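K.L.:
Sequence:
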Amino acid sequence: KDGNKNTLLNQLNADEFFARGENPTKAVLFTKKSETPALWTRVAASFGGKMQFGEVRLEQVALMQQFGMTEDALPKVVAIRVNLDNSKQKVLYEGPNDFDKIREFLSDIAEGGPVVVELKKQVEVLQREAKGLKAELMHEHEKTSLAMAEAARTKLGQVGQVEAVRKELQFEIQQAREGEAAVKEEVEKLRKELEEKTRVLGEEKRSLEAQVQALKDVQQQQAMLLDSSNEQTFFASTLRPLRAVLFTTKSEIPQLWLDLAAQQSISCSFAVVRHTEEKLMQRFSLSPASLPRILLFSNKTDSPPIVYQGAIKLDSINTFIQDAVAGGTAATALRRQLKEKEEALERTEKELRAEKGRREREAEEAERKRREQVTGLESTVKSVQKQLRDACAGAQKELLQARGEGEERARQAEEVLEEVSRELVREREATQSKIQEALRRREEGI
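Residue numbering for the sequence shown follows this note's numbering, beginning at 4 and increasing consecutively.
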């Protein structure tokens, strides 16, 4: 590279140079010289790194053939604009080797693309035609004057024919005057036509300047406010593959929209429409009550806008735009279906967790009742034991009989306790089995 501003191109670095990268606009000089011309170095330095400059010398045969260049045609300047799909638009500079002219040409390409350059060429052609008409009229006028003077000199030089010459001269002067009047009339007609063309060109120039300014606004502003004065330019712009429009009741551009525009500045242009823009609201059948609403437009003029239906969150909208860039309407529809399935799954899981909690609470309640029954039985045993102790004061036989009865009751109580415990265990296992079966059926349904 020359001062990190001009790249000497060859087969090894050409693909990297012509990739879109940070600077989609490239300027290339095709030259026979073995050193970089000072004029080209000045032009490259004047852009301060805002455009990539390259140089192809005569010995780079493959690159010369790729761009259709021959040795006789050099030097030549070509501007290349790399689109988002890596297609290239090439525009040949056809002006003089002048710093200001070359810089103006490259600035037009960088700011407005090949369209601005072509329109400027048309304006220059019309201006040259107008100048040519003026010069032609002046030339005809001079020829008429010279013819009149020559005729006068010739006639006056013929001795003895003064009167005849005078009459003939008068006749020729009259014809000349009539011819001059016709020429003046033609000149006036051409002047009016020229003025009309100049007026039309002026209006076209102002319209083009307005369009160029609008395109600059689309390029430079992160998110622009749309109204009747700029909405046509915004929707007609193909600078980026997508255009996102936020319809809102807020008076200022939301910070979330600005953050989103900063993240997606390469693939999408952003705009905001306030609810007070009645024509734009009616055009898309929107009312203030339905806002905020986000519509995404592609470069296909016959395609309807894609409506965003998710949450107003940075990550969600970012994913929505990325899906639209990658796959268009089909991708966003699949993403929406996936989101609906995820929400349905989340609701099902929530219901299952609630069911599991309810079953666990029922099991805990059953366990609590079992413990209460055990506690009651233990109290009964203790009561019986107390009765036995109180009865010890009686006869030995009654004591033995009462002890036997107490032990029998205790045994029976223990058997009841064991049976209740087994029943509770079976009930708990059955409950857990039902919960697992319900979970399995939910998963199969999803």
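Heads up, a few of these hints could be off.
Said to hold, decoys possible - Okay, the calculated beta carbon distance ranges per label pair:
{"id": "1", "residue 1": "R374", "residue 2": "E432", "range": "15 to 23 Å"}
{"id": "2", "residue 1": "S268", "residue 2": "Q439", "range": "33 to 41 Å"}
{"id": "3", "residue 1": "G379", "residue 2": "L442", "range": "53 to 61 Å"}
{"id": "4", "residue 1": "A265", "residue 2": "A65", "range": "17 to 25 Å"}
{"id": "5", "residue 1": "V203", "residue 2": "S288", "range": "32 to 40 Å"}
{"id": "6", "residue 1": "Q224", "residue 2": "A441", "range": "22 to 30 Å"}
As the list claims (entries may be wrong) - Straight-line distance between alpha carbons at most 27 Å, and here's what the computed DSS-like set of lysine-lysine pairs gives:
{"id": "7", "residue 1": "K170", "residue 2": "K137"}
{"id": "8", "residue 1": "K342", "residue 2": "K316"}
{"id": "9", "residue 1": "K359", "residue 2": "K316"}
{"id": "10", "residue 1": "K53", "residue 2": "K124"}
{"id": "11", "residue 1": "K79", "residue 2": "K137"}
{"id": "12", "residue 1": "K123", "residue 2": "K137"}
{"id": "13", "residue 1": "K53", "residue 2": "K137"}
Hints are computed from structural coordinates only; laboratory data are not their basis. On a predicted model such as this, the values are computed, not experimentally measured, just so you know. Think of the CB as a built atom: it goes at the ideal place given N, C-alpha and C, for glycine as much as any other residue.
K.L.:
Please go over all the hints and tell whether each is borne out by the structure.
P.N.:
Here is what the structure says about each hint:
A hinted range of 15 to 23 Å for the beta carbons of R374 and E432 is consistent with their spacing of about 18 Å. Our hint of 33 to 41 Å for S268 and Q439 is violated, since their Cβ atoms are close to 52 Å apart. Distance hint check for G379 and L442: the Cβ-Cβ separation is about 36 Å, which falls outside the suggested range of 53 to 61 Å. One distance hint, 17 to 25 Å for the beta-carbon pair A265 and A65, is violated here, with the actual separation near 40 Å.
A beta carbon spacing of about 38 Å between V203 and S288 agrees with the range 32 to 40 Å that was offered as a hint. Taken as a hint, the range 22 to 30 Å is violated for the pair Q224 and A441, whose Cβ atoms sit roughly 56 Å apart. Restraint check: the Cα-Cα separation between K170 and K137 comes to about 34 Å, which exceeds 27 Å; the hinted pair is violated. Restraint check: the Cα-Cα separation between K342 and K316 comes to about 14 Å, which is no more than 27 Å; the hinted pair holds.
For the hint linking K359 to K316, the alpha-carbon distance of about 33 Å lies beyond 27 Å, and the restraint is violated. About 24 Å separates the Cα atoms of K53 and K124, which keeps this hinted pair within 27 Å; it holds. Distance restraint check for K79 and K137: the Cα-Cα separation of roughly 32 Å exceeds the 27 Å cut-off, and the hinted pair is therefore not satisfied. Only pairs whose Cα atoms come within 27 Å are accepted, and K123 paired with K137 is accepted, the gap being roughly 21 Å.
Restraint check for K53 and K137: not satisfied, since their Cα atoms lie roughly 42 Å apart, outside the 27 Å limit.
Hints 2, 3, 4, 6, 7, 9, 11 and 13 from the earlier list are contradicted by this structure; the remaining hints agree with it.
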